[in-house]
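Going line by line, the protein sequences match chains Y and V.
First residue of the first sequence? That's 1 in the working numbering, and the numbers climb one at a time after it.
First residue of the second sequence? That's 1 in the working numbering, and the numbers climb one at a time after it.
No lab work stands behind these hints: they were computed from the structure.
Keep in mind the model is a prediction, meaning the values are calculated, not measured.
A few of these clues could be false.
[To be verified] Below, in silico cross-link-like pairs of lysine to any residue (SDA-like), each with a Cα-Cα straight-line distance of 20 Å or less: (1) K42/Y with T65/Y; (2) K14/V with R57/V; (3) K42/Y with K125/V; (4) K43/V with G11/Y; (5) K43/V with D41/Y; (6) K43/V with A34/Y; (7) K42/Y with L91/V; (8) K43/V with T65/Y; (9) K125/V with W152/V; (10) K42/Y with R56/V; (11) K14/V with G11/Y; (12) K42/Y with E53/V; (13) K14/V with W152/V; (14) K43/V with N10/Y; (15) K43/V with E30/Y; (16) K85/Y with G72/Y; (17) K43/V with S79/Y; (18) K43/V with P52/Y.
Spelled out from the first residue to the last, the chains are:
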Amino acid sequence: MPTTTSQFLNGVPELLVLRLLRDREMYGYELVEAIRAASNDKLTFAEGVIYPVLHALERDGALSTRRQTVNGRSRVYYSVTPTGKDRFDALLAHWQRVHSTIATIVETPRHA
Amino acid sequence: MPDRLEVMREDLLKAGLSPAHVHRYLRELTEHRDDIVAHLIAKGAEPHLAWAEADRRLGSNDALLLPMLADRRFRSLAARWPALFYLALPLLCQLILVALGSCVLLAATETPLRSVIIDLGHGLKLLTYAAPIVLAMALFTFSHRRRASQSWPVAGALASAVLAAMITINVLPSLPDQPGEISVAIGFPALLPLLVIGTLVLLPTSIRR
């Protein structure tokens with residue numbers, strides 16, 4: 001299905017979150033640290049916005065949660081569900097399509 | 001000065017998010033900020049600088065509020081369908097109460113409770129009158145916790161009062177020459193019960209003001 005211009009970059013935060021949580025369950029702070037580490041500190045963002053992304057994915061059934069108290073703090077651990085794995089595959093395929101399309105345009109621009 | 005995350009609580013509630021969801025979001029943000037602070041202090045930062053940096057890294061109020069407000073799925077059922085929640089649901093509860101009560105009365109006629117069937121009928125009638133008052137208190141408490149507008153709860157409470165005044169329950173005991181009768185009817189609201197129940201259901205709003 002062709003992608004509309006307004007949404008062609010949608011799904012990138014979800015893609016990163018699902019990819020990192022695919023390896024192991026994490027809580028929010030751990031996940032942000034994992035993104036920073038995986039991107040060598042090149043991806044910086046308001047860290048709190050990770051939670052609306054996590055909550056939306058949980059609501060869609062892509063993530064499941066469990067609470068655990070660690071050192072007196074109640075952590076919410078997120079892990080990927082089978083639905084989340086399918087969604088990751090779909091988002092990855094979408095991202096690869098967008099990436100290759102943009103790369104083609106940047107490398108060989110065609111003028112009208 | 002109040003914590004900025006606590007200030008955000010009001011905005012999130014007024015936007016229609018459920019109190020439980022707001023509580024969880026703010027708790028996760030608070031824990032996240034505490035983790036940043038602990039991490040920075042462990043690396044040798046001064047506590048006040050660590051707090052300032054943690055606040056900066058967490059994001060501005062707008063950055064933290066907008067994604068929650070923009071996604072309609074985060075809004076509670078009561079915020080999305082107030083008429084259904086504050087108006088239709090209480091009326092349905094009342095009708096179910098009356099239906100269940102009538103079934104209990106019918107079942108009681110086959111038991112030794114048959115001798116007090118008239119008292120049971122009066123009890124059900126009293127319950128029917130009390131239900132809107134209890135429901136109204138629940139509606140107002142519920143909407144207050146959610147910082148929701150009072151118009152739907154008031155409409156729901158008044159509709160419950162009208163329905164209660166419209167319901168008549170009559171129990172006639174069986175006599176030697178004639179069978180007993182249990183009847184439930186919905187008709188024109190009785191004026192006195194309507195005034196009394198209507199006043200009582202709206203009492204919580206006047207006290208709150």
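Against the structure, the hints come out as follows:
1. K42/Y with T65/Y: 28 Å, violated
2. K14/V with R57/V: Violated, at roughly 26 Å.
3. K42/Y with K125/V: Cα-Cα ~70 Å, so violated.
4. K43/V with G11/Y: 34 Å, violated
5. K43/V with D41/Y: Measuring from Cα to Cα gives roughly 17 Å; hence the hint holds.
6. K43/V with A34/Y: 18 Å, holds
7. K42/Y with L91/V: 57 Å, violated
8. K43/V with T65/Y: Distance of about 30 Å is beyond 20 Å: violated.
9. K125/V with W152/V: 26 Å, violated
10. K42/Y with R56/V: At roughly 17 Å apart (the allowed maximum being 20 Å), R56/V and K42/Y satisfy the hint.
11. K14/V with G11/Y: 28 Å, violated
12. K42/Y with E53/V: 18 Å, holds
13. K14/V with W152/V: 15 Å, holds
14. K43/V with N10/Y: Distance ~36 Å between K43/V and N10/Y Cα, so the pair is violated.
15. K43/V with E30/Y: Holds, at about 17 Å.
16. K85/Y with G72/Y: 32 Å, violated
17. K43/V with S79/Y: 29 Å, violated
18. K43/V with P52/Y: Violated. K43/V to P52/Y sits at ~29 Å, over the 20 Å cutoff.
The structure shown violates the earlier hints numbered 1, 2, 3, 4, 7, 8, 9, 11, 14, 16, 17, 18.
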